[in-house]
Amino acid sequence: MAKSRLLCVSLGLVLLFHGCLARSSNFEQFQNECQINKLDSIEPVTRVQSEAGFTEWWNPNSQQLRCAAVAVLRETVEPQGLVLPSFTSSQQLVHIVEGSGVVGMILPGCPATFQDSQPQQHQGGQFQRHRDQHQKIQRFREGDVIVLPAGVPHWFYNDANQPFVTVTFLHLGNIVNQLDRNPRKFYLAGNPEEEQKKLQRLQQQKQGTESEPQQHNECTNSLCFKPEYLAQAFNVDEDVIRKLQEQGKSGTIIRVKNLQFIEPPRVQHEEGRRGSMGDNGVYCAMKMKENIAEPELADFFNPQAGRITNLNSFKLPLLAHLGMSAERGVLFNGRARFQVVNQNGESVFDDYVEKGQLLTVPQNFAFMKRAGNEGAEWVSFYTNDNVKNTPMAGVGSFMQGVPEEVVAAAYQISREEAREVKFNNQNNFFFTSSSSSRPQPRAEA
Amino acid sequence: MAKSRLLCVSLGLVLLFHGCLARSSNFEQFQNECQINKLDSIEPVTRVQSEAGFTEWWNPNSQQLRCAAVAVLRETVEPQGLVLPSFTSSQQLVHIVEGSGVVGMILPGCPATFQDSQPQQHQGGQFQRHRDQHQKIQRFREGDVIVLPAGVPHWFYNDANQPFVTVTFLHLGNIVNQLDRNPRKFYLAGNPEEEQKKLQRLQQQKQGTESEPQQHNECTNSLCFKPEYLAQAFNVDEDVIRKLQEQGKSGTIIRVKNLQFIEPPRVQHEEGRRGSMGDNGVYCAMKMKENIAEPELADFFNPQAGRITNLNSFKLPLLAHLGMSAERGVLFNGRARFQVVNQNGESVFDDYVEKGQLLTVPQNFAFMKRAGNEGAEWVSFYTNDNVKNTPMAGVGSFMQGVPEEVVAAAYQISREEAREVKFNNQNNFFFTSSSSSRPQPRAEA
Amino acid sequence: MAKSRLLCVSLGLVLLFHGCLARSSNFEQFQNECQINKLDSIEPVTRVQSEAGFTEWWNPNSQQLRCAAVAVLRETVEPQGLVLPSFTSSQQLVHIVEGSGVVGMILPGCPATFQDSQPQQHQGGQFQRHRDQHQKIQRFREGDVIVLPAGVPHWFYNDANQPFVTVTFLHLGNIVNQLDRNPRKFYLAGNPEEEQKKLQRLQQQKQGTESEPQQHNECTNSLCFKPEYLAQAFNVDEDVIRKLQEQGKSGTIIRVKNLQFIEPPRVQHEEGRRGSMGDNGVYCAMKMKENIAEPELADFFNPQAGRITNLNSFKLPLLAHLGMSAERGVLFNGRARFQVVNQNGESVFDDYVEKGQLLTVPQNFAFMKRAGNEGAEWVSFYTNDNVKNTPMAGVGSFMQGVPEEVVAAAYQISREEAREVKFNNQNNFFFTSSSSSRPQPRAEA
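Chains as they are written, first to last, in full-length UniProt numbering: chain A, 1 to 445; chain B, 1 to 445; chain C, 1 to 445.
Only chain A is shown next, with the shape it has when bound in the complex:
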């Protein structure tokens, strides 16, 4: 039977994400965050229920995530769920794990280019302006990766019939984040109190400080200015502002029926337009998402083994600004089993990564993905915009870059064995058709 495997050295940090079995990480607190002797595939530790969905955070203080300077959260949004507008101080990649919906981003300094020239139905008629206009919104679907630059407010809406699930990676280590390395979400609406308290508790656990009994705040988002100030800013009555500030039900995902917005006809083929570079390196008109699940988008493909789709800054130029990239892999046979080896040759991980689990591979640690008995899929996130993993075996690998005699000498094997080690795997780094057969012609284009 065909077996698939992948042996690599990570040039950047790899966050392997796969897809539910409880295992908690209990690293000792090292002074030194990357002295990793053991990795665990980890799962979310907190869950915040909202009206129309829930938010789960992986522990941002686990050693592996601190070493990677990354925070990860997952949101599950029911049909008609609106994820209230928020932004963060760090670059984000959002992977649509399942489902579909709509995302709106408000890019600073960009015009509201979605305009409705049809008169809207409304009573009263006392407004001179009858038509709504807003910034660009976009549809997303399973397999999409959405790029969210730091500081860009955004919202999501589920107008489909099934829940959608997103996994969001916040790169706290990027120089764009000028705050410390605690994840922070700044909500512009809603009641994020529970989420914020839970995140704070995780941080205090790490610091060993005692959580002071916190009083309940009436207003807990970034719009909590004095009503009179806001009334002036928005030029509306203070009553309206008090309504704005009223904290409804707990949470940041609310249920709204049939939300309407201006939208182009659905079957639009988005082009990778490069607008002129904006002030913050953020464009008004540019590609903000790309699909990595469609089989025809694969960069490496072997009909017997599987496929890998890279998403780097050549496909999505904005990634260069973010300093992040992603990859999705599918192995037709086998659950994904990973082994990771540190600089001391110690196996810091050797296990299956189950659906919904997260594994962090620190920079330069050697890792290997291996087929189990069922089909496997994973998504990797890199804190680099164009990661080149160095394969150890196969075409273009480390082993094939070293002279045969050096291989023989370095590993104290015969010249003939060196030749086997070097050339027996004539497939690309990802695929081999079988463990015992002789080299095969490559099946890829």
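Quick caveat, the hints were computed from the structure, so don't treat them as lab data. These figures come from a predicted structure and were not determined experimentally. Be careful, since some hints might not be right.
Which copy is meant is left open, because identical chains are indistinguishable; a pair holds if it fits in one copy or across any two.
[Said to hold, decoys possible] The calculated DMTMM-like cross-link candidates involving lysine to aspartate or glutamate, where the alpha carbons are at most 25 Å apart (straight line), are:
1. Lys257 with Glu142
2. Lys249 with Glu420
3. Lys249 with Glu346
4. Lys38 with Glu228
5. Lys355 with Asp40
6. Lys315 with Asp159
7. Lys287 with Asp237
8. Lys249 with Glu405
9. Lys315 with Glu377
We have chain A; now place chains B and C onto it with these hints.
What follows is chains B and C alone, placed relative to chain A:
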């Protein structure tokens, strides 16, 4: 009466500076420098008197400045005061708060392009070279912002009839600073001992270490090499070197009558020439300063409300190399009152910022500038070369980028109220004519 | 007699490296890594013996190296010594102190462009592929500086008749290193256990943690995956893999007689070809080394005094990607004596730097290299790709950039003395012919 206000989310760190009321910040020492629950407008904590002026430092260990990785000092220089040559390991922006004078910078590798072809009056005649030559010097005046790249020695001279006051921002967090985050000034002349000891004491307070009783040093600046070595380097007698190293009166600002240097005729219109990029990203011939106080330079203007002038790397390209920018605002009516809200919706600041006070707005914290009853001016410094604040209200704001129905749903208000919130302020982000009137046509060009 | 000297302010961190006298650094542990009151020229603290050479590390936890975020090691490789393949998570510069040999690098994604079209002698003939092919290898010799981007596996071989000695600088502070600031070498072959344990012990000393009694590992390099996994990846029998993983003698430098590899004819003139930029900013075809010892390559030369050769990104463009540079100096008369002065005017170092010793000059500290009685050579490494030191005396110096009257006023000397200080040294920043003579015409081109 017209009221002016500004509601924003800061994309970068903002150091709002305004301009004497003692308030000290006594943050508890958090392990975590950006867990900010309370901001204070802060004032300098140390003052070093020199012969012809004085230097004041804000506490570089206050939590807000450590979170921002910024140090701030103010110098007041009397007429005929010479600020002795120094440089730092971090990028600096110098704002001329009042007065005028002359600044000289010595850019490494650049020629002495200010040359005197007139024979100088001097006795003796034993020198083959009778003419002085030196690097470019420039006049500055109130409202100028001067850019000082890391490592560039510079000096200031007051040849006017009134004192000048400068406020200097050192961006310690920029990658160019390869030392730790303590501010350091390296003086090439003078006696900076008192200033250095005071800065050290502030650092030791933070670390809780006891200040060892320090002995008095005879020579305390960067030219304190062995006299015999320097005599060789400069090819002069050791006696001359001993004079060079003699520490005069304490301080770094001395009084010198009628200092003369080679200078172009005064009414020179400096152009924003872009020389060829130098080795360190520093040019020999380029624009190093720009005025932000002149009303005609305003980027946003409303005759009833006020004006804002941005200084970014499009106006002063060197700022792109420094990763900093600035802004000056004037509100015709009202002292500047600020409210700042953190990610938990807590109001961490809500007060007037008086003349000479400093307020730090951490990245992404929402803030609002608001008119009091008198005219107000402020200068903001950003640790970003092209900051885009996201306005929350008015034209181009967050609220106008979101579909009306999403606004209504997110804040649980009626469709009509959403429309008011979204469109009632039809002015740009800075100005509204009145809090209760209906939308007005924009008054700006 | 002609004396040579150099007085500068370092714009970047300078690691002065020179030629064997034991002096250990015992800085107190400051909370603050760059509060340097005393520098020492330091020597390696650990030595790991391998079969065909030895490796020495400077203490990566000494205050000066931590302030500089740099680690330094020296390798001495006997004839027929093979330095086993490894890579690191940080950018490296390797200086060939003496001897010559061959280096091979395996750049990820680059093809094996060294191919042998001659049939090789081998028994059996059961392989379809009879010819070896591997990535580019290059000869190096004394005075070369080799650039090793982070994550690029590389090996060295000594095919000459005498040992070669390399000094390697790892820039841990570069943003490319996403792990913590402990140096890590990832070996792909060999038994690096002793080296790793010694490095770990140094780190634990700093942290004050007790070294747990460590058990002996059977396999200690990055290829220590489960044999069955590797057998599949390489498509070879598990027996071969077990041989690969067998840990031979301790160490990372083994002896191999007459290693053969495909190589161009020796007297090749390598050009500074700039290939198209690769994904990681690393090229497949580009210049990876440059000599800085050849007299004819000097940038500053005075037949009486000495010479200086800079190596920056204009000569070796890859350095811009690494953010490092180097310089080699030769003083014909005199051992190199250095004095370094901190921001408080304290002389933190004033001594000879002997062969094999390392001196760190923190950013912006003023330093002076001065002739003793014998010839002197040194190599400086900078954590900047195009460092411009600001000379204090001579042509193009700080002193010559300041108006004469400002010099007189700043140092309280007469106008005539100021003129001497400013113009008496009319040579370039490096050379003066004598300490007491009058200005001479410049001897350089």
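### Query
What are the numbers of the hints the structure violates, in ascending order?
6 and 7
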